[in-house]
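Okay, here's what each chain looks like letter by letter:
2 protein chains.
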Amino acid sequence: MIAPIFIGVDIGGTSVRAARFDGYTHTPTTKTKAPTLAAKGVETVLERVEKSIREVAPPNLAGVAGVGVIAPGPLDPFLGVVLAAPNLPGWANTPVKKILEERLSVPVFLGNDANLAALAEWKFGAARGHHDVLYLTISTGIGGGLISRGEMLLGARGLSLEVGHILAVPDGPLCGCGQRGHLEAVASGTAIGRNAQARLKAGDGDNSKIWELAGGELDKVTGALVGEAALAGDEFAQGFITEAGRFIGRALADFLHLFNPSIVVCGGGVSLLGDILFNPMREAVRKYAMNEFYWKNVPIVPAALGDDAGLVGAGALVMEEAGSKAEEAI
Amino acid sequence: MIAPIFIGVDIGGTSVRAARFDGYTHTPTTKTKAPTLAAKGVETVLERVEKSIREVAPPNLAGVAGVGVIAPGPLDPFLGVVLAAPNLPGWANTPVKKILEERLSVPVFLGNDANLAALAEWKFGAARGHHDVLYLTISTGIGGGLISRGEMLLGARGLSLEVGHILAVPDGPLCGCGQRGHLEAVASGTAIGRNAQARLKAGDGDNSKIWELAGGELDKVTGALVGEAALAGDEFAQGFITEAGRFIGRALADFLHLFNPSIVVCGGGVSLLGDILFNPMREAVRKYAMNEFYWKNVPIVPAALGDDAGLVGAGALVMEEAGSKAEEAI
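Quick note, the sequences are listed as chains L and W, same order.
Numbering-wise (this note's numbering), the first sequence opens with residue 1 and increments by one.
Numbering-wise (this note's numbering), the second sequence opens with residue 1001 and increments by one.
Note that these hints are calculated values from the structure, not bench results.
From a predicted model like this one, the values you see are computed outputs, not experimental measurements.
Virtual Cβ for every residue (Gly too), placed ideally from N, Cα, C.
Check the hints yourself; a few may be wrong.
Unchecked claim - The calculated BS3-like cross-link candidates involving lysine-lysine, where the alpha carbons are at most 27 Å apart (straight line), are:
| # | chain 1 | residue 1 | chain 2 | residue 2 |
| --- | --- | --- | --- | --- |
| 1 | W | K1051 | W | K1033 |
| 2 | W | K1296 | L | K98 |
| 3 | L | K33 | L | K98 |
| 4 | W | K1123 | W | K1031 |
| 5 | L | K201 | L | K220 |
| 6 | W | K1098 | L | K296 |
To be verified - Residues on chain L that point at chain W, a partial pick, calculated with CB under 7 Å:
| # | residue |
| --- | --- |
| 7 | D132 |
| 8 | G150 |
| 9 | L153 |
| 10 | R157 |
| 11 | F293 |
I would like the entire structure built from these sequences, with the hints used as guidance.
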């Protein structure tokens, strides 16, 4: 029996990536990456997506069971339509599934990056064997996904699970979404960078390694750079990560009350900081949870799949949606 | 074919209620109610529960497909065990399902009141025909339940969906659970009563109808009484309901971002205040939602089943869990 071939594609703001999976695996056989050229419009990007898929797939997509696509969001995964896309001009209401299916003649499935990373961590990563998984990605933004009794929670239009857009600080800092005080606005990598800039500008942290790493230029201070200084032992920098960890942990207590998962997995760039982030996060969970039923025996762990989680998730989506059909056909 | 008989029981802090449903209906054939006598301990209450069930059921429980029980919580609905019960002394770790099944020789299923009210509103009430339903009960406390793609969201141990215990006001008023600033602590009937007491004590609302209804006694001011004054047109009283509605609406925006339901149903005593509560709630949802995808075409409506929702839900639980088996056996 020949294993079905699954293709995963990630349409990002800066690059389009594609990977081929031979059978039910998270190890790609081959991968490709090209600039998105979002400014050139939808058609250019879609041509690039098609080209990337054909690059990793066998000629004429022979043996390909389907394609999973991480598309810009918010999107409707049931209809396969991008509803809006702040980072990609002209994409509102684009029926990506329909367009690609017509061009490729194989089934195409859409998902958002955080949901698909959650799917990947559940099927192949840190949450394997669990049935109720909360996944958070802490990066320039904060997103997430929930597996409940072995099913992805998508909501009526597939717009779940915007964990970054819940209120953390009433009337707090402006969020990318236009609201104020959301978790993403106080605890994402972007927020960490902005908080550090503000404190440095105010004259604090004279001796911080952040200045050195930024070459003395305030506007070069980013969350990534604060993280680098924190990992190098800079206490001033660590303070910003601790603060973010506390906000995330306090929100996690709410999420535990709502979702009652058996494991929490944290991915994204900020999560790579390890204990500097996870310790204050875990402490805050215990402090703010209403009782131990919610956190006892509920590990809060780093993601296992790294940067590829989304792409693996796009593959996992099509393994789930088209996999069994492909095997029946074979 | 004889319709299977389903029994619903509600073990409340003050009374034990039981209802009999002949077939898949939300209209009980007969009901009964007796004091819980919680202070006399678990065994007394369980005997009362058994007696109530036998009162509404046919002799020897002939034709009874099963019993659904609203038990004090938090509880594990999968194991049928009460984990803790602040209002009912001695109930921690009581295997209610096992005990009642041994005594009754029919299948018994446990659920918490808010989840079962959600189930009832979905199967028989305001959310019929929807697949993604968020239900809130706004009463002395605030609870809820979520139906996602036609399944109740329970979480790993069945402890979902504690919507009243999410942070609304950091470092805010003390919540019944021991944490501070939870939604329940600022927007429940209890909070409304407490807020009114504080303002009256401070000398505000001299001419409010609340004084009249309370017979001039500050400690007789409750949420229910504030609601009564608000319904009678008292503006001072209405202010407290508006405030609660705004808090609930702001939290609802978070819930829409997380759950993306197609309908929101609000039950519980406070919801009976109608527009006085619902208008500020709906306004806050629109103000705090990150975009219209989350609230457009998502009605926010009052519950349809009233006080019986929980009991009907207990019946609905056993209709779901034991119904088809019973029919196969018949």
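Going down the list of hints, with the structure as the test:
With a C-alpha separation of about 11 Å, the suggested pair W/K1051 and W/K1033 falls inside the 27 Å cut-off, and the hint holds. Taking the CA atoms of W/K1296 and L/K98, the gap is near 25 Å; set against the 27 Å cutoff, the hint holds. For the proposed pair L/K33 and L/K98, the alpha carbon gap of about 23 Å is at most 27 Å, so the pair holds. A hinted pair counts as satisfied when its Cα atoms are at most 27 Å apart, and W/K1123 with W/K1031 qualifies at roughly 20 Å.
Taking the CA atoms of L/K201 and L/K220, the gap is about 12 Å. The hint holds against a cut of 27 Å. With a C-alpha separation of about 25 Å, the suggested pair W/K1098 and L/K296 falls inside the 27 Å cut-off, and the hint holds. Below 7 Å, beta-carbon pairs count as interface contacts, and L/D132 has one with chain W at about 4 Å; its hint therefore holds. Annotation: interface hint on L/G150 violated; nearest CB of chain W at approximately 11 Å, more than 7 Å.
With its C-beta approaching chain W no nearer than about 6 Å, L/L153 sits inside the 7 Å limit, and its interface hint holds. Because the beta carbon of L/R157 sits about 6 Å from the nearest beta carbon in chain W, less than 7 Å, this interface hint is met. Restraint check, L/F293 versus chain W: the minimum CB separation of about 6 Å is within 7 Å; hint holds.
The structure fails hint 8 only (numbered hints given earlier).
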